[in-house]
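For what it's worth, the numbering used here labels the leading residue of the sequence shown as 30, then goes sequentially.
Be aware that a few hints might be false.
In silico EDC-like pairs for lysine to aspartate or glutamate, Cα to Cα no more than 20 Å straight-line [unchecked claim]:
#1 K556 <-> D508
#2 K301 <-> D324
#3 K471 <-> E633
#4 K482 <-> E454
#5 K539 <-> E616
#6 K621 <-> E591
#7 K434 <-> E332
FRET-style restraints, in silico, Cβ to Cβ [unchecked claim]:
#8 Q603 <-> Q325: 40 to 46 Å
#9 K498 <-> E638: 23 to 29 Å
#10 A523 <-> I265: 51 to 57 Å
#11 L573 <-> A268: 43 to 49 Å
#12 K491 <-> K610: 51 to 57 Å
#13 D583 <-> L497: 26 to 32 Å
#14 L362 <-> S329: 31 to 37 Å
#15 L362 <-> A268: 41 to 47 Å
#16 Y545 <-> E254: 47 to 53 Å
#17 Y545 <-> Q603: 28 to 34 Å
#18 S329 <-> E613: 34 to 40 Å
I should point out that these hints are in silico values taken from the structure, not numbers from a laboratory. Where a beta carbon is used, it is the ideal one built from N, C-alpha and C, also for glycine.
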Amino acid sequence: MYKKALKCFVVIVVMWTVSLWTIQEKFKTGNNMIHFGEAELYHKTLKRLKYKYLSENKTSTESVWQLFKPANTTYLSDEEKMSAIKSSDIPPGMNGTPVILEDQSRYTLKALINKGWVDHAFNQFVSDLIPLNRTLPDPRDEWNSSKIFVKHHVLLITKILLEILLVEIPSYSVSYEKAMIEVALRSRILNEDIRRGIKVIDIARRMKTKLRCENVTDHLHKPLEDYIRSVPKTIIVRAKNREGLSRSRMLAINYTTAPVVVFLDSHCECTKGWIQPLLDRIKRNPTTVVSPVVDQIHDSTFEYIAQDTNDLRIGGFNWNLKFIWSAIPREVLVKRSQPAAPIKTPTISGGLFAISKEYFQKLGYYDEGFNIWGAENLELSFKVWMCGGSLEIVPCSHIGHVFRKRVPYRGKKGSLRRNLVRLAEVWMDNYAKYYYERIGNKKGNYGNVTTRKEIRDKLKCKTFEWYLKNVYPQLQLPDKYVASGQIFSIGHYAMCLDAMTTFHTNNNVKILPCHYEGGNQYWVYTKNGEIRRDEMCLDYLFNLVTLFVCRGRDTSQIWLYENEFNRIRHMETQKCLQVIKYPERLELTLRKCNHFSAQKWTMENYIIERLTPELQIYAKRKM
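Sequences are here, hints too, so could you generate the full structure?
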């Protein structure tokens with residue numbers, strides 16, 4: 030019986046193999062006919078989708094991804110498929126609507142999407158589907174739209190410095206290099222009535238990775254050059270070596286004769302009427318450096334998400350010298366007669382701004398000692414304010430920006446810290462110590478800053494103390510904290526509280542070997558009982574000791590350091606922070622307070638008198 034079944038199975042396998050071979054031969058002989066048939070089927074499918082979306086009024090959600098199945102459009106390349114989608118009557122992403130992928134987990138589509146995220150830190154596949162000239166919503170309110178700006182012939186002659194952030198890695202294919210360029214060219218800087226006023230556009234190329242062979246360079250340059258030929262008033266300025274952001278921008282400036290320069294990151298899109306309000310402010314006062322309202326372009330769906338005019342954000346920074354967005358202070362809000370009027374900002378993000386070329390030159394441009402990227406926006410912000418100028422965000426101008434969660438290219442280790450130390454040495458006076466505490470006072474080799482200090486002296490710039498008092502009084506000085514520094518475990522020698530990361534919320538806090546370099550082990554204990562890492566607070570949620578966004582005196586984020594017993598008590602649960610020892614690791618938890626060493630901690634620089642009177646009473650109780 031088994032032999033008979035085996036024979037039947039063998040016969041079936043042979044017949045199946047012969048059938049597949051026959052079908053394959055027919056496909057080979059009728060290749061052209063099938064290619065035409067599939068292309069026709071593809072476009073007919075798009076046509077049906079058009080009527081479907083028009084009837085359902087859902088032009089933002091696309092189902093064409095199913096056409097990327099291996100069973101469909103076998104003879105169409107990915108570029109042909111995307112071209113058909115872009116040229117359809119209802120291309121994805123129009124009017125800034127989100128492009129939502131269906132079924133991302135199957136077929137070649139998943140590989141395409143994953144590669145885009147790895148290469149560029151955003152959904153490059155979705156970006157490829159959106160036309161270069163897509164429409165965007167007009168985020169301006171009625172007051173902005175009707176405002177008449179200063180018109181002057183010289184005013185409208187500007188220069189746009191658009192950075193193409195090419196990650197030049199030999200393994201990249203031409204199609205994916207083109208995709209990054211498409212994100213840049215979708216910036217819409219030559220749209221509408223500004224076309225005749227733009228003098229020239231520089232595309233400043235920044236080498237991101239040293240190339241291993243010359244032919245790779247040619248392979249990556251050609252797609253950009255092909256695109257640029259079709260864009261009017263555009264030139265490319267190439268750096269011979271890897272120069273980084275600051276020096277590349279200064280290289281491009283040398284090619285301009287325009288009175289105003291505008292810097293734009295590659296991954297941004299400009300809305301209607303974006304440039305006139307910026308130029309208007311500079312025309313009125315050339316020492317004003319202006320930034321548009323920076324709206325969000327979703328990194329996955331490329332939806333354009335505009336800021337609410339009544340809930341705008343301004344720039345700031347923390348003592349890690351990290352740029353942050355902050356709410357407009359209440360005392361400033363009450364004095365504003367119009368929500369959409371220009372507003373002063375302590376810092377700007379650095380990727381999108383306009384400045385008088387003459388004023389920029391007077392300020393000494395950027396620090397040429399900055400490597401790769403980082404610190405240039407704070408340097409510009411500090412010296413503009415301290416040397417007689419001002420920074421503004423102009424709500425009549427909106428530009429969308431893709432905020433990436435990581436930097437998609439490699440840089441020399443320690444380059445950011447080196448830049449920040451140079452910044453602190455030149456501009457922060459005695460307040461630089463607060464940053465140095467965050468890095469364990471390890472400044473490293475930051476080069477010579479004599480020339481930069483001479484520029485500051487020549488301009489007779491004000492002190493950093495003046496800047497903090499008059500421009501950014503909202504920034505709290507670390508001297509006012511109850512404690513600052515590392516939090517040591519007494520029961521487990523040389524182990525410290527570690528935040529693991531500052532970039533994600535709801536991460537578990539760990540107990541790790543003390544490294545005495547600040548960073549993720551640098552904590553501040555506030556007068557209200559918060560144990561903070563910048564904007565994040567130690568919290569107890571879902572039975573986990575974790576970090577969460579500070580919510581202002583939320584009971585789950587209030588901790589009491591009992592100096593007499595060296596305990597950290599969680600006020601909401603009245604339990605104490607304890608280290609639990611497992612065979613291969615240590616974990617943090619809350620337990621009923623006791624006198625065991627697993628619950629004993631030391632906070633650096635602790636001064637009980639800085640607690641609120643109420644918490645001082647609790648801290649001095651014998652419990």
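Practice task
Decide if the proposed pair is consistent with the structure: K301 and D324, CA atoms, cutoff 20 Å inclusive.
Solution key: Holds, because 13 Å separates the two Cα atoms, which is no more than 20 Å.
Practice task
Confirm or reject the claim that L362 and A268 have a C-beta distance inside 41 to 47 Å.
Solution key: holds, 44 Å
Exercise for the section: For A523 and I265, compare the CB-CB distance with the range 51 to 57 Å and indicate the outcome. Expected result: holds, 54 Å
Exercise for the section: Verify the proposed pairing of K482 with E454, using a straight-line Cα cut of 20 Å. Expected result: Status holds; Cα separation ~9 Å.
Problem - Hint check for S329 and L362 - Cβ pair distance inside 31 to 37 Å - result: holds, 33 Å
Exercise for the section: Take a quick look at whether K621 and E591 sit within 20 Å of each other, Cα to Cα. Expected result: Between K621 and E591 the Cα gap is close to 14 Å, so the pair holds against 20 Å.
Practice task
Would you check the hint for K539 and E616, treating anything up to 20 Å between C-alpha atoms as holding?
Solution key: holds, 6 Å
Problem - Beta-carbon spacing of L573 to A268 - inside the hinted bounds 43 to 49 Å or not - result: The hint (43 to 49 Å, Cβ to Cβ) holds, given that L573 and A268 are roughly 48 Å apart.
Practice task
Hint says 28 to 34 Å; check whether the CB-CB distance for Y545 and Q603 agrees.
Solution key: holds, 33 Å
Problem - 20 Å Cα cutoff - pair K471, E633 - result: holds, 18 Å
Exercise for the section: Starting from the hint 34 to 40 Å, judge whether the C-beta atoms of S329 and E613 obey it. Expected result: holds, 36 Å
Handout entry: Hint check for K610 and K491 - Cβ pair distance inside 51 to 57 Å
Key = Holds, since K491 and K610 (Cβ atoms, about 54 Å apart) stay within the stated range.
When the structure is compared with the earlier hints, no violation turns up for any of them.
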